[in-house]
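The whole structure should be built from the sequences, with the hints applied where relevant.
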Amino acid sequence: MAEEVNFICTACPQGCALTVLMENGEVLGVTGNSCKKGLDYANAETSDPRRMVATTVKIRNGFHPLLPVYTERPVPKPMIPQVLAEIRKVELEAPVVMKTVVLENVLGTGINVLASRSMPAKK
Amino acid sequence: MLAKQIYDVVIVGSGPGGVAAAIEAKKAGADDVLIIERDTELGGILLQCIHNGFGLELLKEDLPGPGYAQHFIEEMLSLHVEVLLNTMVMDITPQRHLFLSSKEHGYVEIEARSIVLAMGCRERTRAQIRIPGYRPNGIYTAGTAQRWVNVEGYMPGKEVVILGSGDIGMIMARRLTFEGAHVERVLEIQSYLSGLSRNLVQCLQDYDIPLQLNHTIKRILGKNRVEAIEAVQVDEKWNFVPGTEEIIPCDTLLLSVGLIPENELSRKAGVKLDPITSGPYVDETFQTNVPGIFAAGNVVHVYDLVDWVSEAGFSAGKSAAKYAIALRNAEARYTPLVAGKNVRYVVPHKLDKSTLEAEDVRLQMRVTRPIEQPVWVEVHDGENLITRKAERYVRPGEMVTVVLKTKNYADVAKASKLTIDINPR
Ligand SMILES: Cc1cc2nc3c(=O)[nH]c(=O)nc-3n(C[C@H](O)[C@H](O)[C@H](O)COP(=O)(O)OP(=O)(O)OC[C@H]3O[C@@H](n4cnc5c(N)ncnc54)[C@H](O)[C@@H]3O)c2cc1C
Ligand code: SF4
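If you read the protein sequences in the order shown, they are chains A and B.
Going by the working numbering, the residue at position 11 of the first sequence is 11; the numbering climbs one at a time, nothing skipped.
Going by the working numbering, the residue at position 379 of the second sequence is 379; the numbering climbs one at a time, nothing skipped.
In short, the hints are calculated from the structure, not lab data.
Quantities reported herein were computed from a predicted structural model and do not represent experimental measurements.
Do not rely on the hints blindly, as some may be mistaken.
Taking lysine-lysine and the DSS-like style, the derived pairs with C-alpha atoms no more than 25 Å apart in a straight line are [said to hold, decoys possible]: (1) K122/A <-> K99/A; (2) K36/A <-> K60/B; (3) K89/A <-> K158/B; (4) K60/B <-> K37/A; (5) K158/B <-> K77/A; (6) K103/B <-> K123/A; (7) K60/B <-> K77/A; (8) K350/B <-> K417/B; (9) K158/B <-> K58/A; (10) K99/A <-> K60/B.
And the structure:
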């Protein structure tokens, strides 16, 4: 039996309402998308939903006490709590340059965690 | 001290709007560009927006807010824009004088040939939405909480209710969940979401945070600290629906009830504001009703995409540079005539150099005090004498005349000003 799944595409701020026709976990068709990226999103969302994760880590001697960081690519949605726990263990020393890898291959996902900005040392 | 007293373009605010304006002003040929920021670093509100989703349009890259800001700041600094931090612009006149209060330089007045207003927006607060009850601790705007959690490193509370479904509120719901708080609910008085649908999905639904439309807060409980709020359903006219009240225990209430352009300064400069946007009326070059004063970004109207703020900044910066250059060229046509030693005033006050190319120009003046002996009336450019005339004496009651000849044109054309001195022979 084919079934319809409705969700919102988050691949860009447009937020198109997608309708996905599914059968046995297979995508039969997608409507409501405004571009090709929406199609990819629908396929991914129904098989392996992923999200970007952005948070902060502690940084010693920095201009601010925290350094914002983000995953360079979206991580599997069910892993988000563990990914956050891993990132929370990181503690750095200023200065740090934007896009420095602060955590490599988080939980074996092949995805690095990067510094969102440069953080100069405290003056 | 500041590098200059008069700048081609001065930009107020270093968010993405101001930074983009500075970049484009330089690229369009403005010489001295100054950007002024009251905060301790450049970047504006983006520095606390650590989530992703910035730059997809302009940079084709999914960046967090601070990364997006840094990308353009680096470009701006490579173009040698002068930066003034820890400095609040207190007042602007329609003649484009700016009054600054600076941590390092104290109280300073500068002049600009053109100005770009890029002060951004601020959040609506509780006073503007009128919730009855005590004023306990634990009630903050979502943006204030965002700064605490993302920049300064402390949590506003543990059990949170959010009023308003604006983007900052939804983003903070997820953020506080990441940091171990429990977000009980998001209440929205309207029948529709006020932020982006994607934030409903990735900030609320992903973490099972309930959103209740047509709901608001009737009352806040707790004297010193928030202990609970009373939620209630509303009808289409926003009247409370009796019997739908619900007490929700919590220690923190975040308000995400909208943004308003920050325009106190614009008003002082004589800039007219549109009551609908609360921002200045602008033309397609982002010029306000005051000539030479431009505006870009959230100060004009609240954008939902930062990329568009940058684009508005680019246009405003380019227009501001054009205006400044035209003004500078007009100024360059003229040479000021300065009353020097023992001269009280000179008429004319300034000279269009091109006139002298075609005809002689007579300068008339009066002296400050009498000199009863032969004198020279000397016209010079600060270093070299251009012409002089002998007089047997000078007296304040008798006007003195000296004529600049067309043959003096070449010397006058090079001068930035002409000074007239009267010296004994
Ligand atoms: C709390 C908050 C969170 C937001 N989150 C998002 C988000 O997640 N995503 C998004 O796309 N948009 C967000 N926005 C909207 C955001 O403001 C814009 O997208 C963008 O940052 C606007 O850029 P701007 O240059 O117009 O203003 P801003 O980034 O606000 O920059 C204005 C700057 O001007 C400075 N300034 C103001 N007055 C003076 C003065 N008198 N003298 C000197 N300096 C002054 C301020 O300190 C500030 O640095 C948020 C807005 C707020 C208020
Ligand atoms: S379908 Fe395309 S346009 Fe629509 S939200 Fe997804 S990415 Fe954006």
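Verification of the supplied hints:
1. Between K122/A and K99/A the CA atoms are separated by roughly 20 Å; this keeps the pair inside 25 Å, and the hint holds.
2. Between K36/A and K60/B the CA atoms are separated by roughly 15 Å; this keeps the pair inside 25 Å, and the hint holds.
3. Straight-line distance between C-alpha atoms of K89/A and K158/B comes to about 21 Å, which keeps the hinted pair within the 25 Å bound.
4. Taken as a hint, the K60/B and K37/A pair is honoured in the structure, with Cα atoms around 13 Å apart against an allowance of 25 Å.
5. Between K158/B and K77/A the CA atoms are separated by roughly 24 Å; this keeps the pair inside 25 Å, and the hint holds.
6. With a C-alpha separation of about 16 Å, the suggested pair K103/B and K123/A falls inside the 25 Å cut-off, and the hint holds.
7. For a cut-off of 25 Å, the pair hint linking K60/B to K77/A stands: about 23 Å separates their Cα positions.
8. Of the pairs offered as hints, the one joining K350/B and K417/B holds, with about 9 Å between alpha carbons and a cut-off of 25 Å not exceeded.
9. A C-alpha spacing of about 20 Å is found between K158/B and K58/A, which places the hinted pair at or below 25 Å, so the restraint holds.
10. Note on K99/A and K60/B: the hinted pairing holds, with a Cα-Cα distance of about 16 Å set against a maximum of 25 Å.
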